[in-house]
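S.K.: With the hints as extra help, turn the sequences into a complete structure.
Just so you know, the sequences run in chain order A and B. Quick note, the first sequence lines up with residues 1339 to 2059 if you use our numbering. Quick note, the second sequence lines up with residues 137 to 410 if you use our numbering.
These aren't lab readings, by the way, just hints derived from the structure by calculation. None of the values given here were measured: they were computed from a predicted structure. Positions of the beta carbon are idealized from the N, C-alpha and C atoms, including for glycine. Each hint should be verified, as a subset may be incorrect.
Stated by the list, open to error - Calculated pairs, DSS-like style, for lysine-lysine (alpha carbon to alpha carbon, straight line, at most 30 Å):
| id | chain 1 | residue 1 | chain 2 | residue 2 |
| --- | --- | --- | --- | --- |
| 1 | A | K1484 | B | K289 |
| 2 | A | K1642 | B | K301 |
| 3 | A | K1484 | B | K278 |
| 4 | A | K1372 | B | K342 |
| 5 | B | K221 | A | K1372 |
| 6 | A | K2035 | B | K342 |
| 7 | A | K1372 | B | K273 |
| 8 | A | K1877 | A | K2007 |
| 9 | B | K342 | A | K1984 |
| 10 | A | K1372 | B | K275 |
| 11 | B | K209 | A | K1372 |
| 12 | A | K2002 | A | K1472 |
| 13 | A | K1372 | B | K289 |
| 14 | A | K1484 | B | K342 |
| 15 | A | K1484 | B | K384 |
| 16 | B | K275 | A | K1489 |
| 17 | B | K301 | A | K1489 |
| 18 | B | K301 | A | K1484 |
| 19 | A | K1372 | B | K278 |
| 20 | B | K301 | A | K1751 |
Claimed, not checked - Covered stretches of chain B (in silico footprint by chain A; criterion: 3 or more residues with CB under 8 Å from a CB of chain A, positions within the stretch not fixed):
| id | region |
| --- | --- |
| 21 | 224 to 237 |
| 22 | 286 to 300 |
The lines below spell out each chain.
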Amino acid sequence: MAQELAPAGAFASIPALLARNVKEYGDRPAYREKEFGIWQSWTWAEAAEEIQNLAMGLLALGINRGDHVAIIGRNRPAHYWAMVAAQKVGAVPVPLYQDAVVDEMEYVLEHCGARFVVCGDQEQVDKVIEVQDKIHHIEHVLYYDKRGLRKYDHSHLHWYVDIQEEGRVAHARLEDEMAAREAELDYDSTCVMLYTSGTTGRPKGVVLSNRNIIESAKNSSEFDNLGVNEDILAYLPMAWVGDFIFSLGQAMWTGFCVNCPESADTLMSDLREIGPTYYFAPPRVFETQLTNVMIRMEDSGDLKYAIFHHFMDFAKGGAGEKHGMPKRKVTTQKKTLEQKIRHGFNYAMGIGFAAETIIENGIRLAFAKLRHGKNVRKHFKAKDPIGLNLYGGALKEYFKYRCGDVLVYGPLKDTLGFGRIRVGYTAGEAIGPEIFAFYRSMGINLKQLYGQTEATVFITVQPDGEVRNDTVGVPAPGVEVRIEDNGEIFYRSPGTFVEYYNNPESTADTKDPEGWVATGDAGFFDKKNGHLRIIDRAKDVGKMADGRMFAPKYVENKLKFYPDILEAVVFGNDRNMCTAFINIDLTAVGNWAERNNVAYASYQELAGHPEVLSTIQEHVETVNKSVAEDEMLSGCQIHRFLILHKELDADDGEMTRTRKVRRKIVEEKYAPLIDALYGGKSEQYIETEVTYEDGRKGSINATLEIRDAVVVGNTQGMAAE
Amino acid sequence: MTTDMNADSYVTEDGRTIGPVVMDLKNITLRFGGVVAIKDISFNIREGEIRAIIGPNGAGKSSMLNVISGFYKPQEGEVWFRGSKRPQMKPYQVAQQGLARTFQNIALFEGMTVLDNIMTGRLNKMNANLFQQAIWKGKAEKEELENREACEKVIDFLEIQHIRKTPVGRLPYGLKKRVELARALAAEPSLLLLDEPMAGMNVEEKEDMSRFILDMNDEFGTTIALIEHDMGVVMDLSDRVVVMDYGKKIGDGTPDEVRNNQDVIDAYLGVSHD
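M.R.: Laid out in structure tokens, this is it:
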């Protein structure tokens, strides 16, 4: 199908792109990592040498063509190098989720038949050693962080750096062999194998060719004008296709710099220090950041609080979209004198108005305090500076935005680490309209995309200037999309995966001979603007007992847009009404509890608090109203709900590692609760087994209260209207 | 067990080398007025081992640690350090000999950042004078860089990068304990004294701390003497254990020996008097 596409010049593989980068950008930074409190950096030339040495070392260990090299660890340059080194010697890198428990890891390692494993540290080595009792094809284990591994049996365990050293020594002997293997790599040889997160059943190994990776990287880089000057922060799991495309595919294609954080805990401060220009995060990350900002604003002084809300409201009213978005074209040329003067003038105006805003509002606040005392926050609203009235309409709005930029948006973007951001993406789940608007109004070009591992990420993306909260954009360059009669979305693109490893049946199920791939998602194209809208997983879209459409995800997403609600699971397939499990967000609700003097000792206690239940009930009822507006989906209103006593957790198998709910498992595990929801009971006792992070098990029990929610215009008549 | 634990040096089951005696305490008696805190106790600490001191409350464990660290002067007995009898010293002189300690009740500078606190552990390694420090030239700059690097290694080792710049006062208890350990470790001690490193911690924090203690001993070859109440931790971590009760030594030996010692069992579980 995609055979007619000619290879992009001579760069038919990642190692070939690396060689090009060394030639063109040899002394530009390629990788940075914060270690010992300092950003250490490697240029493309240095990185290439590290990769070369490791590849030689692997060759000296006896790696064969087509061997699988598992890579388990957090985002570090060394781990990215290991992937490229494996490709250089004709092997296939298989990055794994580093937080996977032993059982999950065992399945994947066995399935891919890895002979070599590259581990980050002792924790991962321990897991691999445990797995080795059952799987015997693992021959060599490399580790990067030496700590705690001194006493281990080193007959098959090697320090990464030692292997590099061996490779360096063996250089002369192995050079020809390696050159030969590298030359064999072409556009159709395997680039990487990535395991799906396994929302349903066992994870599947998706084989992606060089064509998939390079074409996708090329198309997407051109789509967003990514250049060599970008900086990205690599912090998403290495086993996820997104990270592979951003941190390896696009980085290799455009030659930009990949920055690795010091540790997972320092992520936020590292983000701020780097200030990425191109950024990707799942909606959850944006949500958490927004929640934190809001919590901190609650604790700020009255003047700051008032000014923050004044300018945020202004920006959300459309001014942000109009005046805030970064310029699409980045010129490396120096600014002309005229541009400099204009920029300086605008900035000076901004500062002037900012100073005026603070002084005027400060004085007004002082008077307001005399009148209202401690309640001043409720009564005091910030106002525009009088000076702005000198200007008419559009100009006034423009200067007000610049003023807000100086006072609020700029400092806030800087604090969040988005000071330099030019393109930001979010995907994986639907993002709340409030959250989306918040970031965009600040002048962050946050966009949505829709994709999956099998498509090498990109299916649809939102072009600059056509960004909407409820759609996922138009088909990405080179991608064809069609919608089946039942609503399922199919696509065909140069990024379409080769096959599922060792699983021809699944491959045939998903990909037809013409290359069309079923996404398993249901959606439709918006008639007005040609953007794709996703409703739900195609197989999750069901029918209720009376034949009305049941789209749980649609309702769940609406619920999850409330900061109080972390997760929601809606039931109703083949039933006469819909019900829901709800997980509260401990940060948001905990903060509310603190503010209102509600004492609680645990998540469970807070989740069972009657006032929390009432708040959630209000949210549910509001959602019901908005669901009722859509005639097709009006049956999905929630009649009864309860708040779960524990967070749904990947360690308990209730979610995937990418935090998607495993509906089946939840349904089985909490069957008594579902029976109670439909049985009309007002409370139900439940005992649940939980798995702690170290693998031990315990159990918690609780009696959960079940509440009825008001529904609009429904025939079931379960609740009073 | 075939290893001869009385030999000059031997290798433990997990492959660590235990060397000759570094600290030898001979017939120590410590009195506060009429109260006898420590009564004629002798024991030694060998190079590279983890030595635990256990005992019920008020047994005199912390006093013992204070004698070792030079804070208390015993009325009777001798302290031998690396083959020579140690004269009465000020604690800072003891510190210069390569001893470092942590405290039962955390003794950090609350208003200072974690990094600054750890830097104070390097005080003995800095020689620049006030003037040099003030103008930040010559020795002062060079020393600061060297010591900062050493501190960063400790920070990396104890995994506290995320709180590097946080004032200690804002940290939770478990992290403060870790920072205190970091400060002691920054002094690159040859003998590290830990006074109840795991008091008041939950299981997970205890596991972390145990791992740090073992790794420290393993990576840097630091000799460690620790006081601890959690028997599970003590028995798992230490090579040899001294048991004290009412100021007297009632047991000394490997964890297994101590566990089966009748006096120790009596002291911990009580004795029936019929």
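S.K.: Which hint numbers doesn't this structure obey?
M.R.: Hints 5, 11, 15, 16, 17 and 21 not satisfied by this model.
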